[in-house]
Amino acid sequence: MTHRVSPWVVPGAILAAGLAIYPAMAQQTAPLVVGLGGLAFVLFVAGQTLPVPGALAWALGLLAIEYLATLKLRGAAVDVAAPAYAAALFLCAELGWLGLEARGGGRLWPGRAVGVALLALVGAALGAVLLLLSAAPMAGGVVLTGLGVAAAVAIAACLAWLAGR
Amino acid sequence: MPGLGADAPGGLSPQPAERWATTTSGRLAAYLGLGGAGLLAGLLLSRPEPVILAAPLLLAAAVGLALARPPRLEVEVRLDRERALEGEHVELDVEVRALGPVARLELEARLPAGLVQLPAAPESASSLSAGEAYSYRRRLLCCRWGGRLVGHVRIRARDPLGFFTYREEERHLLPLRVYPLPEALRRLVRPAETQAFTGNEVSRLKGEGIEFADIRQFVPGDRVRRINWRASARRGQLHVNEMRPERNADVVVFLDTFTDLRRSVGPRKSSGFMALERESSLEAAVRAAAALVGLYLRRRDRVGLVGFGGTLRWLRPAMGERQLYQLVDALIDTEVVLSYAWKGLEVIPRRTLPPKSLVMALSPLIDERTVSALFDLRSRGYDLAVVEVTPLAFVQPGRREAEKLAYELWGMEREALRGRFLEMGVAVTTWRPGEPLDAALATAGTLRRGLRVVRS
Chain U
1 MTHRVSPWVV
11 PGAILAAGLA
21 IYPAMAQQTA
31 PLVVGLGGLA
41 FVLFVAGQTL
51 PVPGALAWAL
61 GLLAIEYLAT
71 LKLRGAAVDV
81 AAPAYAAALF
91 LCAELGWLGL
101 EARGGGRLWP
111 GRAVGVALLA
121 LVGAALGAVL
131 LLLSAAPMAG
141 GVVLTGLGVA
151 AAVAIAACLA
161 WLAGR
Chain B
1 MPGLGADAPG
11 GLSPQPAERW
21 ATTTSGRLAA
31 YLGLGGAGLL
41 AGLLLSRPEP
51 VILAAPLLLA
61 AAVGLALARP
71 PRLEVEVRLD
81 RERALEGEHV
91 ELDVEVRALG
101 PVARLELEAR
111 LPAGLVQLPA
121 APESASSLSA
131 GEAYSYRRRL
141 LCCRWGGRLV
151 GHVRIRARDP
161 LGFFTYREEE
171 RHLLPLRVYP
181 LPEALRRLVR
191 PAETQAFTGN
201 EVSRLKGEGI
211 EFADIRQFVP
221 GDRVRRINWR
231 ASARRGQLHV
241 NEMRPERNAD
251 VVVFLDTFTD
261 LRRSVGPRKS
271 SGFMALERES
281 SLEAAVRAAA
291 ALVGLYLRRR
301 DRVGLVGFGG
311 TLRWLRPAMG
321 ERQLYQLVDA
331 LIDTEVVLSY
341 AWKGLEVIPR
351 RTLPPKSLVM
361 ALSPLIDERT
371 VSALFDLRSR
381 GYDLAVVEVT
391 PLAFVQPGRR
401 EAEKLAYELW
411 GMEREALRGR
421 FLEMGVAVTT
431 WRPGEPLDAA
441 LATAGTLRRG
451 LRVVRS
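Protein sequence lines, in the order shown, are assigned to chains U and B.
1 is the number of the first residue of the first sequence in my numbering; add one for each residue after it.
1 is the number of the first residue of the second sequence in my numbering; add one for each residue after it.
Simulated from the structure, these hints should not be mistaken for lab results.
In this text, a Cβ means the ideal position worked out from N, Cα and C, and glycines have one as well.
Worth double-checking, as some hints may not be accurate.
Claimed, not checked - Here are the computed distance ranges between Cβ atoms for each label pair:
id, chain 1, residue 1, chain 2, residue 2, range
1, U, G105, B, G100, 23 to 33 Å
2, U, P51, B, V337, 40 to 50 Å
3, B, T22, U, P11, 23 to 33 Å
Model the full structure from these sequences, guided by the hints.
In structure tokens form, the structure reads like this:
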């Protein structure tokens, strides 16, 4: 496999750095959070520049964990910036995969760029709706928990279907 | 060359490409995995943020799965002609018609050896809506003669979000015959014997013709128009002119395909494209043979071919344009087939080598079977001329003393071999590929004039 750095590395790395720094900027930042953010950034760059493409998924996962760990450690209420963070994380993931595909000669085509941008916007809007729903005065219960479990099972079913293709 | 440049489209009826090999991007599994983990984390942490983070990823995966459909395409391959000369260009046109929308389509033509795609590479990718057609055109440079099958196309299609890649290899193979660029020739080796049919060769016999041969005394039955009045007046007796008739000859080109010697001669620019040039004794011999058969046929001689090698090929001597086609087609199918089996003249059909025919052998005189067959031909009385495609041009003497000595000994052995041919009345002329064949044939002609005394 030819190993060359794609033009998507720099914007992806900048976005990944922003996503790593944003949670660390909060008050009472624990060294663990900073460490997670730093590790995520290193993994992202390694995945783009070294022949370890699997590092990209781990970097995205660590960024998400860092963000959630910050929220948990702060004990804050709902973060209103979560939909924007989610959209940025999605864009970061797309830039990362574009970088990996560019190594093999793959290119971004206009239709895909438009699709990704729309998905980021719709994803942020969906996140905002979820945020509003979570702020609504609804009592939790077995039904909602069951719905969540069902969603998780549906994801697992999708994975199984993919494996069978 | 026959019919070169004729417009000969070779399209096949379009067929839908259906056997797609599908690969899934790791991105889809990662999105589903991270999304699933986000949902579980939301449940465990009782917070909405993990679910919000998972939302765009799961949305993308869901949309990607929903939109992913194997593309439906019709592929048609065309070549602008079926025949070309070495060094010429042909146009390959692959037309793809989409029966459904295709988000991203990439095409790549896989070319057989001897054809090179010129590096003018416009965008080979496109997105197509249903019913839309995309034309992929490439100029191909014919680097080497031979029969080729063109039309192997790799198709790569993507779904709108790039989660799936569909690959297919279409083979709408079209024949392309690349003819050797013939050596420039002006003179030929003249046959010792002629045949009964009219041609351009002046017969050694006397008879009806227009070429003056001699003067003799008038005898009853001679035509009055043949009387040479000036000679008759000078000698006081009637004398008539004797003429030589114009006849044709049978020529058999004997191509040695047991051996092919090759060497690299470095990069050469051809049609603006740098290619590594390789010289081959067989390729040179085929070019020479193509030139010889073309010129002999233009002289109205009957020309045949014997490809003497691992696989025996032959064509009986005949005249005309059709024979030229057949001979050139037979030549471009020439290849070396490895064989250890002993072969002699007995394997050649008898009518391929008519009596009194001139056999023009093109050989590096390396393989013993060829050398033995040529000696055998001469022993059977055939008029034989050998153009030795010299192997010395393909071998370097080496640097060490022993290597140089071996090279010299080998050269002497070859000299002795040529001497044996000369003793049998066979003119052997050495030809280095790249040098004019005319000079070698002129040498053969000179040698043959001297050898005619020996033969008779």
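Here is how each hint holds up against the structure:
At roughly 25 Å, the beta-carbon separation of G105 (chain U) and G100 (chain B) lies within the given 23 to 33 Å, and the hint holds. Taking the beta carbon of each, P51 (chain U) and V337 (chain B) are about 44 Å apart, inside 40 to 50 Å as hinted. Between T22 (chain B) and P11 (chain U) the Cβ separation comes to about 30 Å, which falls inside the hinted range of 23 to 33 Å.
Consistency note: the structure conflicts with none of the earlier hints.
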